[in-house]
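2 protein chains.
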Amino acid sequence: MKLVLIGFGNVGQGFVEILRDKGAELQARYDFAPQIVGVATRSRGTLLHPDGLDPAALLEAIAAGHLSRYPDAPGLQRDLDSLALIRASGADVLLEAGPTNLQTAQPALEYCYAALDAGMHLVLANKGPVAVALADLRARAAEVGKDVLFEATVMAGTPSLRLAQQALAGCTISEARGILNGTTNYILTQMENGLSYGDALLQAQALGYAETDPTADVDGWDAAGKALILASALFERSFALEDLVVEGIRKLTPDDIDSARAVGECWKLIARVTPEGGFVRPQRIATHHPLAAVSGATNAITFTTDLLGEVTLVGPGAGRKETGFALLADLLDLKRKQTNV
Amino acid sequence: MKLVLIGFGNVGQGFVEILRDKGAELQARYDFAPQIVGVATRSRGTLLHPDGLDPAALLEAIAAGHLSRYPDAPGLQRDLDSLALIRASGADVLLEAGPTNLQTAQPALEYCYAALDAGMHLVLANKGPVAVALADLRARAAEVGKDVLFEATVMAGTPSLRLAQQALAGCTISEARGILNGTTNYILTQMENGLSYGDALLQAQALGYAETDPTADVDGWDAAGKALILASALFERSFALEDLVVEGIRKLTPDDIDSARAVGECWKLIARVTPEGGFVRPQRIATHHPLAAVSGATNAITFTTDLLGEVTLVGPGAGRKETGFALLADLLDLKRKQTNV
Numbered sequence: 018m019k020l021v022l023i024g025f026g027n028v029g030q031g032f033v034e035i036l037r038d039k040g041a042e043l044q045a046r047y048d049f050a051p052q053i054v055g056v057a058t059r060s061r062g063t064l065l066h067p068d069g070l071d072p073a074a075l076l077e078a079i080a081a082g083h084l085s086r087y088p089d090a091p092g093l094q095r096d097l098d099s100l101a102l103i104r105a106s107g108a109d110v111l112l113e114a115g116p117t118n119l120q121t122a123q124p125a126l127e128y129c130y131a132a133l134d135a136g137m138h139l140v141l142a143n144k145g146p147v148a149v150a151l152a153d154l155r156a157r158a159a160e161v162g163k164d165v166l167f168e169a170t171v172m173a174g175t176p177s178l179r180l181a182q183q184a185l186a187g188c189t190i191s192e193a194r195g196i197l198n199g200t201t202n203y204i205l206t207q208m209e210n211g212l213s214y215g216d217a218l219l220q221a222q223a224l225g226y227a228e229t230d231p232t233a234d235v236d237g238w239d240a241a242g243k244a245l246i247l248a249s250a251l252f253e254r255s256f257a258l259e260d261l262v263v264e265g266i267r268k269l270t271p272d273d274i275d276s277a278r279a280v281g282e283c284w285k286l287i288a289r290v291t292p293e294g295g296f297v298r299p300q301r302i303a304t305h306h307p308l309a310a311v312s313g314a315t316n317a318i319t320f321t322t323d324l325l326g327e328v329t330l331v332g333p334g335a336g337r338k339e340t341g342f343a344l345l346a347d348l349l350d351l352k353r354k355q356t357n358v
Numbered sequence: 018m019k020l021v022l023i024g025f026g027n028v029g030q031g032f033v034e035i036l037r038d039k040g041a042e043l044q045a046r047y048d049f050a051p052q053i054v055g056v057a058t059r060s061r062g063t064l065l066h067p068d069g070l071d072p073a074a075l076l077e078a079i080a081a082g083h084l085s086r087y088p089d090a091p092g093l094q095r096d097l098d099s100l101a102l103i104r105a106s107g108a109d110v111l112l113e114a115g116p117t118n119l120q121t122a123q124p125a126l127e128y129c130y131a132a133l134d135a136g137m138h139l140v141l142a143n144k145g146p147v148a149v150a151l152a153d154l155r156a157r158a159a160e161v162g163k164d165v166l167f168e169a170t171v172m173a174g175t176p177s178l179r180l181a182q183q184a185l186a187g188c189t190i191s192e193a194r195g196i197l198n199g200t201t202n203y204i205l206t207q208m209e210n211g212l213s214y215g216d217a218l219l220q221a222q223a224l225g226y227a228e229t230d231p232t233a234d235v236d237g238w239d240a241a242g243k244a245l246i247l248a249s250a251l252f253e254r255s256f257a258l259e260d261l262v263v264e265g266i267r268k269l270t271p272d273d274i275d276s277a278r279a280v281g282e283c284w285k286l287i288a289r290v291t292p293e294g295g296f297v298r299p300q301r302i303a304t305h306h307p308l309a310a311v312s313g314a315t316n317a318i319t320f321t322t323d324l325l326g327e328v329t330l331v332g333p334g335a336g337r338k339e340t341g342f343a344l345l346a347d348l349l350d351l352k353r354k355q356t357n358v
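Protein chains in written order, with the working numbering: chain A, 18 to 358; chain B, 18 to 358.
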């Protein structure tokens with residue numbers, strides 16, 4: 018299985034680290050030995066080699082600041098632009114781990130279409146193309162017999178989509194609600210521990226959980242993007258951001274926290290989707306519900322089903338290796354299908 | 018896909034109810050239309066029809082007390098013994114939902130071997146054959162190219178095995194620990210609410226969660242059987258009950274509950290397995306851990322992995338429809354593999 022990787026930041030590097038560190042184990046356990054034939058970054062160069070690039074050398078080059086530090090080799094092509102690289106790669110799968118744009122999804126969306134035209138499967142860590150154009154991507158992929166997988170976009174590598182779509186197959190899911198943003202959950206957890214919203218935010222920024230401009234997290238937009246993807250994955254229709262009512266956590270006060278606690282409840286930023294639409298907003302959760310025990314940067318989703326009632330999955334919602342694993346999991350899924358064909 | 022069902026108690030009936038109620042949906046969504054060709058009970062008759070038995074009529078007959086109440090039809094055979102029925106059925110899959118014997122696994126084990134000899138897949142709700150003879154069943158199944166699936170045996174239909182074996186494929190699981198017995202978790206939850214052990218047990222018995230002789234639950238043996246299965250499924254070696262240290266909840270007092278609560282912890286009957294062995298015993302869990310929020314008859318497992326850290330699954334651990342769904346999920350898995358072949 019030949020791979021071309023667009024974006025070589027945290028997620029892309031996390032994935033390549035897994036291949037470097039667990040390559041032998043993956044081959045032994047799953048007979049899985051993928052080859053990275055191309056890597057493209059926006060400003061740190063691109064590399065293409067039809068016989069495959071070395072994971073360890075890729076990581077050393079990027080750690081040194083630029084893919085130009087990758088050692089020369091016969092047949093190696095440098096600095097093709099991303100589209101040309103995708104088209105020339107002969108890869109079986111496009112891994113899109115570039116920066117997210119939830120409005121236009123570009124330039125990732127263009128890369129996806131180029132990859133489908135070239136007969137590749139799509140494995141996406143980038144939320145943009147999934148949130149903006151999933152239905153269209155799926156339709157075009159179906160025409161050429163390819164798959165569109167995107168486990169990385171919700172709860173990082175915690176297999177929330179795979180649980181819903183595969184392990185719960187046979188159940189009808191009527192609702193999913195959960196904690197999809199680790200930064201705000203960390204802030205709310207610290208507010209439970211006595212901090213003000215402002216101090217908790219400063220702490221989250223100091224730890225690298227929150228950006229200098231925390232809007233995307235604290236106003237609910239990151240969670241909304243994931244909720245949109247979750248809804249489209251679960252309910253087999255298209256959703257747009259306009260289908261969601263979105264409210265963040267800025268207005269929550271220590272008094273709100275205290276009055277909830279007094280009646281055995283705690284505040285969580287809850288994303289909820291049903292076939293009709295959904296919301297992202299702070300809600301009070303009873304402390305005996307599994308979502309109430311989800312603290313810090315952890316994420317969770319409770320699926321409401323006809324045959325099992327509520328099923329809750331709790332796990333990491335971010336992280337380099339944790340998100341890199343999602344790409345691996347999608348690839349193993351493609352491999353399993355190929356093997357069975 | 019032709020099925021023969023051994024055991025027509027709660028789980029078997031739950032499964033047949035799902036086929037009765039969701040048959041059209043399963044056909045439309047998954048192109049899945051299984052046929053029950055045989056049903057065997059210990060004392061309420063057996064039925065075999067090569068063209069299939071009607072789910073609604075089966076449920077009416079058993080509700081009326083005996084399969085002799087199933088309407089006559091040309092080609093219908095009544096009251097074959099179970100082994101003869103399995104051999105004559107021409108089925109593709111044996112569903113074993115008879116009573117559990119964790120010592121000998123009989124008579125279910127004999128049925129499993131007969132089914133494998135006849136070229137059937139095994140789908141087991143019965144813990145006995147899995148706990149006692151999984152390695153041997155798998156070896157014999159592999160010889161004839163068949164599968165042995167047993168999602169129902171741990172956490173009912175909550176897809177704990179499927180999560181670990183499929184959705185987490187690519188991760189290495191080093192440990193699983195969780196709450197695998199709903200009865201004891203209900204008792205402990207009621208003790209948190211102020212009841213004594215004795216009163217909580219009486220309440221569990223009144224609600225039908227606990228048997229008149231509660232030994233299997235409160236002394237940890239039910240959880241131990243499931244832990245054994247979980248260990249064998251996760252770690253690809255054979256485990257026996259002797260590999261587990263088993264202790265129940267009888268000795269826990271309201272004082273124990275109170276002193277745990279005073280430091281932000283609560284008692285749970287925890288089953289823990291690693292590649293080396295495991296235990297079932299009461300443990301104190303910090304209230305901010307997802308397992309602490311698992312109350313009443315709900316079950317949960319936390320998997321510790323190399324790439325994702327801790328991933329926790331929470332869901333029902335018992336119930337007619339809930340366990341019946343596990344059989345459906347295993348069958349859909351077989352169907353998916355067949356379709357891809």
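To be clear, the hints were calculated from the coordinates, so they are not data collected in a lab. Please note that the accuracy of each hint is not assured.
The list treats identical chains as interchangeable, and a pair is accepted whether it falls inside one copy or across any two copies.
Claimed, not checked - DSS-like, lysine-lysine: derived pairs with alpha carbons at most 27 Å apart:
# : residue 1 : residue 2
1 : 354       : 163
2 : 163       : 352
3 : 354       : 19
4 : 39        : 268
5 : 268       : 354
6 : 163       : 268
7 : 163       : 19
Next item on the list: Could you tell me which of the numbered hints above are not met by this structure, giving the numbers in increasing order?
Entry: 4, 5 and 6
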